[in-house]
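Q: Those protein sequence lines, which keep their order, are chains L and D. Convert by adding 3 to the 1-based position in the first sequence; the result is the number in this note's numbering. Convert by adding 3 to the 1-based position in the second sequence; the result is the number in this note's numbering.
No lab work stands behind these hints: they were computed from the structure. Cβ coordinates follow ideal geometry from the N, Cα and C atoms, glycine included. Be careful, since some hints might not be right.
Said to hold, decoys possible - These stretches of chain D come out as covered by chain L in the derived footprint (C-beta under 8 angstroms, 3 or more residues):
1. 61-70
2. 136-147
3. 153-163
4. 247-254
As the list claims (entries may be wrong) - Here are the simulated distance ranges between beta carbons:
5. L:A62 - D:S291: 47 to 55 angstroms
6. D:A9 - L:L170: 44 to 52 angstroms
7. L:V101 - D:D20: 47 to 55 angstroms
8. D:A10 - L:R284: 52 to 60 angstroms
9. D:E133 - L:A61: 23 to 31 angstroms
10. L:P85 - D:R284: 38 to 46 angstroms
11. D:G24 - L:L170: 28 to 36 angstroms
12. L:P85 - D:G24: 31 to 39 angstroms
13. D:S131 - L:S270: 35 to 43 angstroms
14. D:G41 - L:S131: 34 to 42 angstroms
15. D:S291 - L:G253: 38 to 46 angstroms
16. D:D60 - L:Q127: 25 to 33 angstroms
Protein chains: 2
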Amino acid sequence: MKRRLAADAGAIQAQLDLVLGLFPPGPVTEGMGYATRGGKRIRGFLVMESARLHGVDAAAALWPACAIEALHAYSLVHDDLPAMDDDDLRRGQPTVHVRWDEATAVLVGDALQSLAFEMVSDPQTGLSAEVRAELTHTLARAAGGQGMVLGQARDIAAESAETPLTLDEIITLQEGKTGALIEWSATAGARMGRADPAPLLAYARALGLAFQIQDDVIDVTGDAAQVGKAVGKDAAAGKATFVSLLGLEGAKTRAATLVEIACDALSVYEARADGLRELARFVISRQS
Amino acid sequence: MKRRLAADAGAIQAQLDLVLGLFPPGPVTEGMGYATRGGKRIRGFLVMESARLHGVDAAAALWPACAIEALHAYSLVHDDLPAMDDDDLRRGQPTVHVRWDEATAVLVGDALQSLAFEMVSDPQTGLSAEVRAELTHTLARAAGGQGMVLGQARDIAAESAETPLTLDEIITLQEGKTGALIEWSATAGARMGRADPAPLLAYARALGLAFQIQDDVIDVTGDAAQVGKAVGKDAAAGKATFVSLLGLEGAKTRAATLVEIACDALSVYEARADGLRELARFVISRQS
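Based on the provided sequences and hints, a complete structural model is requested.
A: Shown next as structure tokens:
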């Protein structure tokens, strides 16, 4: 799976480098390149693989794949800010506000969000205007105050709450924070291919939750050097997580069940969706 | 002119309130409403007036008008952050990070940027997918690392530079920081009406610069209570401005000349563009 992810990751990286190479030199452009380097590119892969599933041209799918990775990168840069999660390390490298400064990090995140919408709506994709407008609209909804930003706001509110979150509250929080972009990515191929996105949406809902449960597992079992960012912060802060609520084994079992649900949701695609099934299994086996 | 601005501003406010009324309650949604209230709505008016000029339905034009005001509001919320311009007052009210906190201000800005792209690409506008995709793509370019964010980055870099900027450098900076969004707003009507945007682009280039010169004039001649934000900061910081480089009278003369250029650029529209000409004259007469 890592090899399949790496192949798409390489294409996404090359395209992002090409686009950013046309930007005027300066700290914001450098920071945008820095923040979009590395990572597993799971969201980008979901776009590419769901596009392949619907016979969409890979060269066209590369644009929304880059867009979602730019959007994800923006969210990480802003999440790492001192006023937010205050993290110094990301993907094994200093975070943008540490490497440059806070003002640059705010602007890098802002510009990466704009870049996401620039790329997803670009006529050079060869995608029809209908598809580009729909991808844009759904991405904006997934990213904003009813999606990812809402999840992030709930996460921050939880840190200062007097009582830890319940399981239902954590699930709702994660559906925004992580789930919304994963759902968009997995359904992008169906939207590009003008097919029903419902099976991919069901797959992505289960996958997104499994992904976040595994993140909580890694936060407890991983070490910072391998993970590339600080670990154990949630437990130290007394935050409710899937692991604190379900126990380590309970969390692992729940994630495995969700992966089975995700794989089953793709039955209509038969064996053609095995790449997406493999990804789902990879998501809960990863240690970083 | 103030009455004409107020009419469109009222429609824009009602539409933004309607859309945000559907968002889940919480500090980010509240902050989004707070940050989009007030202001002169010059960018929104440019969208509405250029749409009228091309016979575009006002109900359709309202969406991109709201989008540009949401985008402008995001840029103000982030510009006011302590790591950026560190301003406590905006439109006569506490800035978002003062009223709430920095994390909320980062998220409010982020969500407002998403909202801008959500609104400009919304199928409910009744605009064709071609128009929505083009408005999205051009807005993203105007907002991002080659447009507004680039101008903002240059502005921040100028503060710590050893030598003050030259006139050419300030003009380049302002073309990004203020000009890009004004150009997008003024040309939006032509894009919606599938007309040549060149005359409106020439108008907007001159208008944007006149607007920024007048901002520098107000920073010297205005008082905080009337302006609704801190004044005299640039002079106190020893920053090069149009006034420091051209003198107060020189700056006023330059702005007046630019307004004439802006008005002349609209000759193809004859008297039908008098609303836009009136706006240009208003821009250099305003004291806040």
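Q: Against each hint, give a clear statement of whether it holds in the structure.
A: Results for each hint:
| no. | hint | in the structure |
| --- | --- | --- |
| 1 | 61-70 | violated (count 0) |
| 2 | 136-147 | holds (count 9) |
| 3 | 153-163 | holds (count 6) |
| 4 | 247-254 | violated (count 0) |
| 5 | L:A62 - D:S291: 47 to 55 angstroms | holds, 50 angstroms |
| 6 | D:A9 - L:L170: 44 to 52 angstroms | holds, 50 angstroms |
| 7 | L:V101 - D:D20: 47 to 55 angstroms | violated, 40 angstroms |
| 8 | D:A10 - L:R284: 52 to 60 angstroms | holds, 59 angstroms |
| 9 | D:E133 - L:A61: 23 to 31 angstroms | holds, 24 angstroms |
| 10 | L:P85 - D:R284: 38 to 46 angstroms | holds, 45 angstroms |
| 11 | D:G24 - L:L170: 28 to 36 angstroms | holds, 30 angstroms |
| 12 | L:P85 - D:G24: 31 to 39 angstroms | holds, 33 angstroms |
| 13 | D:S131 - L:S270: 35 to 43 angstroms | holds, 37 angstroms |
| 14 | D:G41 - L:S131: 34 to 42 angstroms | holds, 39 angstroms |
| 15 | D:S291 - L:G253: 38 to 46 angstroms | violated, 60 angstroms |
| 16 | D:D60 - L:Q127: 25 to 33 angstroms | holds, 30 angstroms |
When each numbered hint is compared with the structure, violations occur for hints 1, 4, 7, 15.
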